[in-house]
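Chemist: Sequence order for the protein chains is A and B.
Each number in this note's numbering corresponds to the 1-based position in the first sequence with 555 added.
Each number in this note's numbering corresponds to the 1-based position in the second sequence with 555 added.
Incorrect hints may have been included.
[Said to hold, decoys possible] For lysine-lysine, the following DSS-like pairs were computed, each having C-alpha atoms within a straight-line distance of at most 27 Å:
id, chain 1, residue 1, chain 2, residue 2
1, A, K694, A, K666
2, A, K694, B, K642
3, B, K694, B, K666
4, A, K642, A, K666
5, A, K642, B, K642
6, B, K694, B, K741
Rather than coming from a laboratory, the hints here were simulated on the basis of the structure.
Number of protein chains: 2
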Amino acid sequence: MDEERVLLDHGSGGRASQRLIREVFLRHFSNPALDAMDDAARLDPVFGALSMSTDGYTVDPVEFPGGDIGCLAVHGTVNDVSMLGAKPLYLSCAFILEEGLSLALLERVAKSMGEAARAAGVVIATGDTKVVPRGAADKIFIVSTGIGRILIDPPPSGARALAGDALLLSGEVGEHGLAILSGREKMQGFPDLRSDCASLNHMVEALIREVGDIHALRDPTRGGLATALCEIAAQSGVVCLVREEDIPVRAEVNAACSLLGLDPLYLANEGKLICVLPADKARTALEVMRAFPEGRLAARIGEIEAPGPKTRPGQTLLRTLPGGLRLLSMLEGEQLPRIC
Amino acid sequence: MDEERVLLDHGSGGRASQRLIREVFLRHFSNPALDAMDDAARLDPVFGALSMSTDGYTVDPVEFPGGDIGCLAVHGTVNDVSMLGAKPLYLSCAFILEEGLSLALLERVAKSMGEAARAAGVVIATGDTKVVPRGAADKIFIVSTGIGRILIDPPPSGARALAGDALLLSGEVGEHGLAILSGREKMQGFPDLRSDCASLNHMVEALIREVGDIHALRDPTRGGLATALCEIAAQSGVVCLVREEDIPVRAEVNAACSLLGLDPLYLANEGKLICVLPADKARTALEVMRAFPEGRLAARIGEIEAPGPKTRPGQTLLRTLPGGLRLLSMLEGEQLPRIC
Chain A
556 MDEERVLLDH GSGGRASQRL IREVFLRHFS NPALDAMDDA ARLDPVFGAL SMSTDGYTVD
616 PVEFPGGDIG CLAVHGTVND VSMLGAKPLY LSCAFILEEG LSLALLERVA KSMGEAARAA
676 GVVIATGDTK VVPRGAADKI FIVSTGIGRI LIDPPPSGAR ALAGDALLLS GEVGEHGLAI
736 LSGREKMQGF PDLRSDCASL NHMVEALIRE VGDIHALRDP TRGGLATALC EIAAQSGVVC
796 LVREEDIPVR AEVNAACSLL GLDPLYLANE GKLICVLPAD KARTALEVMR AFPEGRLAAR
856 IGEIEAPGPK TRPGQTLLRT LPGGLRLLSM LEGEQLPRIC
Chain B
556 MDEERVLLDH GSGGRASQRL IREVFLRHFS NPALDAMDDA ARLDPVFGAL SMSTDGYTVD
616 PVEFPGGDIG CLAVHGTVND VSMLGAKPLY LSCAFILEEG LSLALLERVA KSMGEAARAA
676 GVVIATGDTK VVPRGAADKI FIVSTGIGRI LIDPPPSGAR ALAGDALLLS GEVGEHGLAI
736 LSGREKMQGF PDLRSDCASL NHMVEALIRE VGDIHALRDP TRGGLATALC EIAAQSGVVC
796 LVREEDIPVR AEVNAACSLL GLDPLYLANE GKLICVLPAD KARTALEVMR AFPEGRLAAR
856 IGEIEAPGPK TRPGQTLLRT LPGGLRLLSM LEGEQLPRIC
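The following block holds chain A by itself, in its conformation from the complex:
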């Protein structure tokens, strides 16, 4: 029997679009705002400043060890909204589908999105679907946009890191990048790695509640830990100093990276955060993070320093295992395209 597939008609805005929306999307995302089916969704008032973030997801393969493009589109945007010290409330999602896409695959992706949104406590309030002719897109792209309520003033920002602050990381790095690679290449003997993709909003909310004064939060996605640290150093005009021995990396990730010539510090993560805060709050923050399954390996990986005689604002330095200092720069070139 022929598999059911997405047709151009499903993106026409006419009857077939309505059917697709009802049978696939409303089924998995149902909520009063979305079900109203107006051009825009009516959202309840949000009291206070808002956090807004958008991200496009083009990950290849669509389904990979540990997740798929659907839950990734929820986790990734929930996390970006959260990094401003905010509680994510609403998501929108726009699908760009290639004609001929398997409807069963689309249904699995929608189910995964719905589950991830419920777990994060966010409402998928509005959406859109376009279908482009075969060859004009590769299977499925999703753009999700989130808004949330900022819980603290001033909010954490990459520009607020101060000399003397501690640098915390919520867990091991590199798993998402390698999981995508293994899903794509089907390499013999590749370690059994799963993406770390997860929503961190509950952890962020607990950090704001229990610790309060957090200077910067950032999730090290594309470009990895090294690039995110460089961004913070540049935005704040400080130096990030991190110790290789304190950065949690799974042995299998290190082994695979050695084999493939990749650096785990530049691999994408989808369920980790960097937290910069006054050093005297570091212990409490680590306890809060470790109380969550996705933060159980949280560690203090370094410090923020003022630029000294041998360093410049914006630099990130790695104290290597042998004891030397290595300057980390932002990712140059593309390690792996379509990683998220």
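Keeping the supplied structure of chain A fixed, place chain B upon it in accordance with the hints.
Modeler: This is chain B only, laid out in the frame that chain A set:
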């Protein structure tokens, strides 16, 4: 000299991404929220209920008579947010670019977006850029998401049309659809038509302020006027009755449609709205609409009726020029893929 092109590297999240963001996007969109360059944008508090809408733009060709994908991504989403009786405030934009795209084209698109946003009075607060390998997408897709403040309670909704209400249309239909087709096909002797794409938020704000009690607003984009009327009839459980002689259509549009076997009532528009309101407010509303250049041909095109012995809830009927009644259904099949 080789033309500068988008590279995979521009979507890596690393140094080249930062350069692209600074040199192309920040240049045309600059504002404090975006310039902060955090994972999410901090937005000032919005007092009252919110309107949120998202739309994916995949229009082919990227540049067409009367506009391009950039201004379209602003107009379309501004209009969708407005249809809930809201004042659009913030937009996000996510770009999915094909490796090899002309940087000059991207720059023109960004410039056009920035101009459209300024004209509409909305802030492009946050964005994202992904680059996929050649052949994995066709040139450029944009997803824009907007949020705004709802100006009236209850807000207009497709579900609030009442028997006895008047049906108004803000201008001539069919121009966007035909402009895209002419841009794509380069047909000999094709009339010189431009897309009607325009932001309608200032008109909506004036309508809410001057008229107040508006039952439904909808912009007849994909699927055209006929599909939008069918949606309102279905959501409200009423019958839409429209008169062909009162629906504004340019002579060139009618002529081109006859030639090509297209129906102007099913062609996409990107700068028109349907307004449903109590009949005694129709005259004032028409005056308000006609005071705007994009509403100067606004017309009362019909009425909302209760289902009668010969009609069913959800039906849309057209009183044709010869005097007969034609049942309009939602668009079946796809008239023109990638129209928006």
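Chemist: Now, for every hint given, state plainly whether the structure supports it.
Modeler: Each hint, compared with the structure:
no., hint, verdict
1, A:K694 <-> A:K666, "holds, 17 Å"
2, A:K694 <-> B:K642, "violated, 35 Å"
3, B:K694 <-> B:K666, "holds, 17 Å"
4, A:K642 <-> A:K666, "holds, 23 Å"
5, A:K642 <-> B:K642, "holds, 24 Å"
6, B:K694 <-> B:K741, "holds, 19 Å"
Consistency with the previously given hints fails for number 2 only.
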